[in-house]
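With chain A's structure known, arrange chain B on it following the hints.
Read top to bottom, the protein sequences are chains A and B. Its first residue numbered 1, the first sequence is counted upward by one per residue in our numbering. Its first residue numbered 1, the second sequence is counted upward by one per residue in our numbering.
A few of these clues could be false.
Across the chosen pairs, the derived CB separations fall in these ranges [stated by the list, open to error]:
{"no.": "1", "chain 1": "A", "residue 1": "Val273", "chain 2": "B", "residue 2": "Thr161", "range": "51 to 57 Å"}
{"no.": "2", "chain 1": "A", "residue 1": "Glu11", "chain 2": "B", "residue 2": "Asp155", "range": "36 to 42 Å"}
{"no.": "3", "chain 1": "A", "residue 1": "Thr33", "chain 2": "B", "residue 2": "Ala171", "range": "46 to 52 Å"}
{"no.": "4", "chain 1": "A", "residue 1": "Glu11", "chain 2": "B", "residue 2": "Gln52", "range": "54 to 60 Å"}
{"no.": "5", "chain 1": "A", "residue 1": "Val273", "chain 2": "B", "residue 2": "Asp155", "range": "52 to 58 Å"}
Here are some chain A residues the structure puts well away from chain B; computed CB gaps all over 12 Å [unchecked claim]:
{"no.": "6", "residue": "Pro16"}
{"no.": "7", "residue": "Ser106"}
{"no.": "8", "residue": "Arg110"}
{"no.": "9", "residue": "His154"}
{"no.": "10", "residue": "Cys275"}
{"no.": "11", "residue": "Leu316"}
{"no.": "12", "residue": "Ser375"}
{"no.": "13", "residue": "Phe426"}
{"no.": "14", "residue": "Trp442"}
Simulated from the structure, these hints should not be mistaken for lab results. Using N, Cα and C, we set each Cβ at its ideal position, and we do this for glycine too.
Spelled out from the first residue to the last, the chains are:
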Amino acid sequence: MRSPEPHRAREAPLAPLLAKELAEIVCGRALWTMLLLVCPLIGYSFVQAVSLYGEASASAQQSPVLAASLSPLDGVLVPTFGAFYVAVTLLFPFVAIRALGQEKESGALRLLVQLPYRSSTLILAKLAAVLAAWILVSIPALSALAIWATMGGHLAASETVNLLFGHLLYGLLVGAIALFAATIADSAATSAIIALAVTIGSWVLDFTLAGHSGLAAFVAQLSLTQALRPFEQGLLSAGLVLGVTGAIAGLSALASIWLPPGVPTQTKCMRSVPCVLAILLALGLATQIRQSVDVTEDRRNSFPAADQRLLATLRLPLIIKVNLAPEDPRYADLQRNVLAKLDRAMPNVSIIVAGSHRDAASQPANDAYGEIEYSYGARSDVSRSTSPREVLPLLYALAGKQPPAPAPSDEYPGYPLVATADAALFWFVGGLPLLIAGAWWWSRRPPAKSLFTCKGAQS
Amino acid sequence: MEDLVKRYGQEAAVAHVSFSVAAGEILGIVGPNGAGKTTLLESLVGLLATEQGTVFWCGEELPPPRRKEALFYLPDGIRPYQDRFAIDVMTFFARVYKRTAAQTAATIAAVGLTPALGKRVHALSKGYNRRLLLGLGLLTPHDVLVMDEPFDGFDIRQTRTIIDVIRQEAARGRTFILAIHQLADAERACDRFLLLAGGKVRGIGTLGELRATTALANGSLEEIFLALT
Numbered sequence: 001m002r003s004p005e006p007h008r009a010r011e012a013p014l015a016p017l018l019a020k021e022l023a024e025i026v027c028g029r030a031l032w033t034m035l036l037l038v039c040p041l042i043g044y045s046f047v048q049a050v051s052l053y054g055e056a057s058a059s060a061q062q063s064p065v066l067a068a069s070l071s072p073l074d075g076v077l078v079p080t081f082g083a084f085y086v087a088v089t090l091l092f093p094f095v096a097i098r099a100l101g102q103e104k105e106s107g108a109l110r111l112l113v114q115l116p117y118r119s120s121t122l123i124l125a126k127l128a129a130v131l132a133a134w135i136l137v138s139i140p141a142l143s144a145l146a147i148w149a150t151m152g153g154h155l156a157a158s159e160t161v162n163l164l165f166g167h168l169l170y171g172l173l174v175g176a177i178a179l180f181a182a183t184i185a186d187s188a189a190t191s192a193i194i195a196l197a198v199t200i201g202s203w204v205l206d207f208t209l210a211g212h213s214g215l216a217a218f219v220a221q222l223s224l225t226q227a228l229r230p231f232e233q234g235l236l237s238a239g240l241v242l243g244v245t246g247a248i249a250g251l252s253a254l255a256s257i258w259l260p261p262g263v264p265t266q267t268k269c270m271r272s273v274p275c276v277l278a279i280l281l282a283l284g285l286a287t288q289i290r291q292s293v294d295v296t297e298d299r300r301n302s303f304p305a306a307d308q309r310l311l312a313t314l315r316l317p318l319i320i321k322v323n324l325a326p327e328d329p330r331y332a333d334l335q336r337n338v339l340a341k342l343d344r345a346m347p348n349v350s351i352i353v354a355g356s357h358r359d360a361a362s363q364p365a366n367d368a369y370g371e372i373e374y375s376y377g378a379r380s381d382v383s384r385s386t387s388p389r390e391v392l393p394l395l396y397a398l399a400g401k402q403p404p405a406p407a408p409s410d411e412y413p414g415y416p417l418v419a420t421a422d423a424a425l426f427w428f429v430g431g432l433p434l435l436i437a438g439a440w441w442w443s444r445r446p447p448a449k450s451l452f453t454c455k456g457a458q459s
Numbered sequence: 001m002e003d004l005v006k007r008y009g010q011e012a013a014v015a016h017v018s019f020s021v022a023a024g025e026i027l028g029i030v031g032p033n034g035a036g037k038t039t040l041l042e043s044l045v046g047l048l049a050t051e052q053g054t055v056f057w058c059g060e061e062l063p064p065p066r067r068k069e070a071l072f073y074l075p076d077g078i079r080p081y082q083d084r085f086a087i088d089v090m091t092f093f094a095r096v097y098k099r100t101a102a103q104t105a106a107t108i109a110a111v112g113l114t115p116a117l118g119k120r121v122h123a124l125s126k127g128y129n130r131r132l133l134l135g136l137g138l139l140t141p142h143d144v145l146v147m148d149e150p151f152d153g154f155d156i157r158q159t160r161t162i163i164d165v166i167r168q169e170a171a172r173g174r175t176f177i178l179a180i181h182q183l184a185d186a187e188r189a190c191d192r193f194l195l196l197a198g199g200k201v202r203g204i205g206t207l208g209e210l211r212a213t214t215a216l217a218n219g220s221l222e223e224i225f226l227a228l229t
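Chain A on its own, in the form it takes in the complex (with noise of 0.2 Å):
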């Protein structure tokens, strides 16, 4: 018998095979199914979405304050987004199972690990198709932003490719985890079960546990519900793209130790052990970054770029003394428009929440509940106000600095539109899902096959 001449992972094409694992995932009902679903569930979100921005924009036309409060990014893009990851989270994984769970059910699995390919090449194949399906059921959200664009209203490009990445992100990683899933299952039922338990987990997660502090609020952090939240307010956060890049990793990684059928399972938990500890190490890291960048077009992340400039030049550590509870409505307030822009634009910023519900509920009895103490250097100074107009001055006056004069040229516009979008409903529960039944029957065409058969006759 002669020497082995090995079909070495490196020989063989990738593009076979990325075809393969596209052609499987657009053969499933599950892809067509996902994408009629979703089309009227977006389209009703953009439509009564766009019918509410037009209502508040028909008040603001009297008044250029109100109008100025008009984003569509939260007025329009947000709201129909929303139903799109609604479905993402319900009905992606099924998607992405078939994927790989397909092929363990029919045993074709057992030929796929003996092709000249590495598991973790055979499983990025299979994230790749989880991403070009994710495409694909994109479709109908992009169709909402061009039918917004077409009647008129305004779409930063920054704020809106900030958000399809951010969900991009997401659905990736829920395909990733439902690729894991299918992976350790022994049936699509099961993957199923798992993925879902994930996702919906995260969403119990986030309910029940929103608004507490301590250990509660570091479990909140780990809902998936989370990963999307930073880009719904236009940042664009580093050490969320890393904390969700990495886990998308070391989720894909974790699936090819699982996939191939021959090892013992003893030693596939000792290869997944680093792994596991890589993923948390990621995440870790990524929770020490805090590199983010506003891409709103009215800074809502931010302060005047003037104030940003100045507050850069702060060095010494500034030290925020919270004495609110987290449930409390004003901490919300102090959050969005003092602690978290401060966080952006500072380099040494702690917060200190040392309120809780009890100071709350005894606030006539407690004076101080309500202070909010700013300690920058060897100065301190206190005050109750959530706003950044008061807090500011403050803390110029600590450090010693004048306030920067306001620039004019910081004023967002705000982009009322009067409009409904009744009419994109006919587009939504009629025309979009005839054109994707079409594409499925059209997909699901014979291939020619007088290639083969006519040189097979002749050979």
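The following block gives chain B in isolation, referenced to the frame of chain A:
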């Protein structure tokens, strides 16, 4: 393969099995249902973790992750890529292994898959599904093809045709290890036999050697098997 042991709990599905196979040979793993044939094949190709056992290739040890470099296994009872057309599945394998259109067409013609190329895999009859699997196996460039119940689903004429295809491939130097529970099919197809029962080897050799061992000068494989088990 040397001293393979595979246990499920306390029960040994395959116990201390050793055998070798030469280039261009067709080795039949023969035994009744539950004899351990599939377990033996899946352990051999590295799809099943084993407690013990080593595979050597030209005297060099071949660890489980590397076995797919030399061996390709076609399992029994699978319908790969059920929603795809048979031609799509053949094309996928042909592209992975860089087969030309002429080579692919010749393989399709050899296994008689042409009439079913335009059907989805889930709609194929058992026989055509088997032809598809054999076609996939023949498209691979591996030196050893390991097949579980390759004649299951074929009538007697079809079985003979497929045996001819396998023999032609073997004549070109490719080795086949076939797990077969139909002794008559095995006798027609294989050069050498490994008789397996209860996970243990009961006999190994050509038909002549087995006849000599059992002193059944004109005994069929069935009679020999009954004598040895």
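Results for each hint:
no. : hint                               : verdict
1   : Val273/A with Thr161/B: 51 to 57 Å : holds (52 Å)
2   : Glu11/A with Asp155/B: 36 to 42 Å  : holds (40 Å)
3   : Thr33/A with Ala171/B: 46 to 52 Å  : holds (50 Å)
4   : Glu11/A with Gln52/B: 54 to 60 Å   : violated (32 Å)
5   : Val273/A with Asp155/B: 52 to 58 Å : holds (53 Å)
6   : Pro16                              : violated (4 Å)
7   : Ser106                             : violated (5 Å)
8   : Arg110                             : violated (5 Å)
9   : His154                             : holds (44 Å)
10  : Cys275                             : holds (18 Å)
11  : Leu316                             : holds (57 Å)
12  : Ser375                             : holds (60 Å)
13  : Phe426                             : holds (32 Å)
14  : Trp442                             : holds (14 Å)
When held up to the earlier numbered hints, the structure conflicts with 4, 6, 7 and 8 and fits the remainder.
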